[in-house]
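Visitor: The lines below spell out each chain.
Number of protein chains: 4
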Amino acid sequence: MIGFIGLGIMGSRMANNLLKSGYEVILHNRSKAKADHLLKEGAIWAESPRQVAQQADIIFTMLANPQVVESVALGKDGFLEEFPAGRLWVDCSTVDPSFTRKMGEEALRRDIRFLDAPVAGSKIPAEKGELVFLVGGDEKDLEEARPMMEVMGKAIQHQGENGKGSSMKLVVNLMLAQSMAAFSEAITLGQSMGLEKETVMNTLLGGVTAAPFLNSKRDKLLHGNYEAEFPLEHLQKDLQLVSQAAYEHNVSLPIANVTKEIYGLAKQFGYSKEDFSVIYKFLSARM
Amino acid sequence: MIGFIGLGIMGSRMANNLLKSGYEVILHNRSKAKADHLLKEGAIWAESPRQVAQQADIIFTMLANPQVVESVALGKDGFLEEFPAGRLWVDCSTVDPSFTRKMGEEALRRDIRFLDAPVAGSKIPAEKGELVFLVGGDEKDLEEARPMMEVMGKAIQHQGENGKGSSMKLVVNLMLAQSMAAFSEAITLGQSMGLEKETVMNTLLGGVTAAPFLNSKRDKLLHGNYEAEFPLEHLQKDLQLVSQAAYEHNVSLPIANVTKEIYGLAKQFGYSKEDFSVIYKFLSARM
Amino acid sequence: MIGFIGLGIMGSRMANNLLKSGYEVILHNRSKAKADHLLKEGAIWAESPRQVAQQADIIFTMLANPQVVESVALGKDGFLEEFPAGRLWVDCSTVDPSFTRKMGEEALRRDIRFLDAPVAGSKIPAEKGELVFLVGGDEKDLEEARPMMEVMGKAIQHQGENGKGSSMKLVVNLMLAQSMAAFSEAITLGQSMGLEKETVMNTLLGGVTAAPFLNSKRDKLLHGNYEAEFPLEHLQKDLQLVSQAAYEHNVSLPIANVTKEIYGLAKQFGYSKEDFSVIYKFLSARM
Amino acid sequence: MIGFIGLGIMGSRMANNLLKSGYEVILHNRSKAKADHLLKEGAIWAESPRQVAQQADIIFTMLANPQVVESVALGKDGFLEEFPAGRLWVDCSTVDPSFTRKMGEEALRRDIRFLDAPVAGSKIPAEKGELVFLVGGDEKDLEEARPMMEVMGKAIQHQGENGKGSSMKLVVNLMLAQSMAAFSEAITLGQSMGLEKETVMNTLLGGVTAAPFLNSKRDKLLHGNYEAEFPLEHLQKDLQLVSQAAYEHNVSLPIANVTKEIYGLAKQFGYSKEDFSVIYKFLSARM
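Residue numbers (my numbering), protein chains in the order written: chain Z, 1 to 287; chain C, 1001 to 1287; chain U, 2001 to 2287; chain R, 3001 to 3287.
Keep in mind that a hint or two might mislead.
[What the hints assert, rightly or not] Negatives, chain U to chain Z, calculated, CB over 12 Å:
1. Gly2224
2. Gln2240
3. Gln2244
4. His2249
5. Ser2284
[Claimed, not checked] No farther apart than 25 Å at their CA atoms in a straight line, the calculated lysine-lysine pairs in the DSS-like style are these:
6. C:Lys1140 to C:Lys1034
7. Z:Lys237 to R:Lys3237
8. R:Lys3197 to Z:Lys102
What the hints contain is simulated information worked out from the structure, not anything from laboratory work. Don't be surprised by glycine CBs; every beta carbon is placed ideally from N, CA and C.
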């Protein structure tokens, strides 16, 4: 029996893929409404994280931030105290590496095995089972989780011991931020010189210098509709984590830090809640 | 008869693809030695650009910089005075848009048609006939050159009137510089947090946030061999052109300008002549 | 007899100081109206730059930009052709070093001696005779001009041969731009943490970390009135000259280049014509 | 009786000024050796912070970092438990605002009054009694400490409630970092254009665009001796605190963040322990 806690945009799609592959799944979410369609497919409902722990052999969590992870694991009715020794917790939430290591230690203290396994990919890849798992922890624990991950993702990348999955997630989100901002400046430059916006975009997207994910932002930039898939303020928060991690590990990232501040300026100018690709709108503003 | 002037790393491979497709080609290069292998394949040698103009119906130029283009076109023994009215000159050199427009005007004054058609892609794509042509000029002039371009390239992108090909080339090189620098910072961050360099690279290159061309830099970063395919100082020069163009067209590119200075700092520290991917070595230096 | 050409905000005050010290002055300006108050004080009017050259032993120019300097010196009715061999031209205009050197060569070719002598200081110091002259050219030519400069300024700094005065002016304007922007970010940071704007300003201005000229911007920042003493777009232009000069001389200025782009972004957002201290308003914007 | 804890470069000079003005002072320091010269002047030695608390009416602390402050106040033999209710603690250490507020709360819980009063100025101003106190806390507590502060400093700036002194200190150190880096880039630019280093420095230091403290760095830059008055790594740490504070308070500081990374790069290249003015050496490096 697989436990799954956290049924947001990502989690509900991941749990659904487990169900469709024939796994038995016991679910919990703060709001039960989000579980309804999965219960119809045969999933079992648990009233609390603790109750998940009583029945599951392995628990996946996919939660919004460190505070929620901590509460679900260690709070009142948290699952960690109840989870039998020797079982495996796989946290897919995006959190900072030091928090991850702390959770790993909390698990270890209770003889629970732990993997940090944040995912690269958003709504559509989650739906299609095409996520990429960035995993920190023991190889053999990963082997145990692998069949389930393969149902939810297309690739599983072992990065090292606990914390390394979260570390790699920061690296990936840095690339995401930089690629989007560079693309935005490049289009802005092209337009300023009289090139057609759409031609510039097509040329870049058809070439080898643009990151593949930028194709998925094409329509947003073209039509100026920045409904959030990944809100700018979340990415800017990750960039601050990047800045802090680089400081702590004694490396300098001049470009990343400027990029961070440009997203920050866009936030100051009112774009916090929109998709982070709105950075194009900010940078190409003409008044 | 196709005229081809400029047989460097790129030009010799482009001319060779024309020959292999059965075109008759008349060549000129500053040093004849570089033409030898093409002459064996049946190309004709011209002693000067002027002599190319006497026999060619269309002339392609692939030269190092504006000074050389100007000299070959307009200097003593330049081809432009001798080229019969109505013929077509296709300049594939990477030069700045204002120089390109000036060449277009010089051509027009002599009733010569002109396309600026710089290419995206370096040595290997040139060899395989997989370049991307970024073209500025009249649509019908492009139609005339298209069959030859198709032999040398895999894509032909019409960007607008004269100068727009060169403008787009600046945009592409900006993306090149940014993607390489962002990748370098990301790997540096990952390593500082204890991730394996090769794992970070593989994870990023296997995902959707890294530009495809970065695959071709993988071995350089892994083995620390930065023999130049595209020397850092050339890219840094292009970034200064980007900065100047942005200034003239009233747009601000904060990230591009920092990136420019980081390449500039690497140049100051002795990396001018190495491949621009050496920016990784500079950014990850630990002393 | 001293010739003085260019009676804008700066030039009219400088010429006035010469007059008040008892010098005979012959004036020219595009619009005669601006000379009226000086003519009442005893200055002589010349209908053209050429006419100035016929009567002056030394000519000072204080003009808006390279184009105007070139036109006044070398255009129709320009003074350089008419100026007797051996005389001295002192150009106080702020122009780029390469233009200055070109003017020096034009003068030399006609046996005219030349000093580039841009000034640090704006309206009030010009009025009080408290400018700082940054001088490029021969020491003995400077000695000849020194008594007049002492009437208009409080300090005369010899920087080296022709062009070096203009080079130093770029350095000074870089400091101006950086100090203003740093002050603006510092106040913004302080306010964000709940400090009083005025207290932060007073503390910084009363300490050793703020450039003295910032005192003169205090009221603008406090009352939000950014009427131009030095328009933002002019300073941003100088920063682009700085960027270009640094590139040409192989040094990297990462902070200067970011600062340039932040002024550029402020320009893009509509602040071109306001005093450059408006950068505070831009950086502290909250929406 | 005044208690004084922490006799480093700053503290020993501050305590000495109190003694010389006739105050009775009881001292403690981790190493007693540093107190010897003050004991000869009549100061009293305390074996522990706790013992200071038993005899002092007011306690000043001047310590290296938050960890030491916390240990001296709250650790084993810490002074806070022993200090009679109603007395006043003045912390002059440079720490981050959130730590300061925490100390304020710890004091309040024990009915101890608290001022955060970090100082601007280093070794020489400390010696001459010319520090600037940046004070957070109640106005009437400040009035009580004022006579003593006046003996140690030349200015006392009340910034608001507890925490605001520390906040203002961050602002001051940001200005310090920016001014030094801007000055370094400006000299580098000047030298690259052929100006004499000393002339550039003199011109800037004699003008209105350079912060007054830069005069004290003149000899270091001229003679290349970067013995630390304020080590680069400490300033870079403060810049990371600035970056974090700006993030938390939703303002963007693009220039500050680049400056931070340039100091960080200098650290990476081996300049951590030298005076922060060594940034000039890093930026002007030519290889």
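Visitor: Taking the numbered hints from earlier one at a time, note which ones the structure violates and give those numbers from smallest to largest.
Guide: 5, 6, 8
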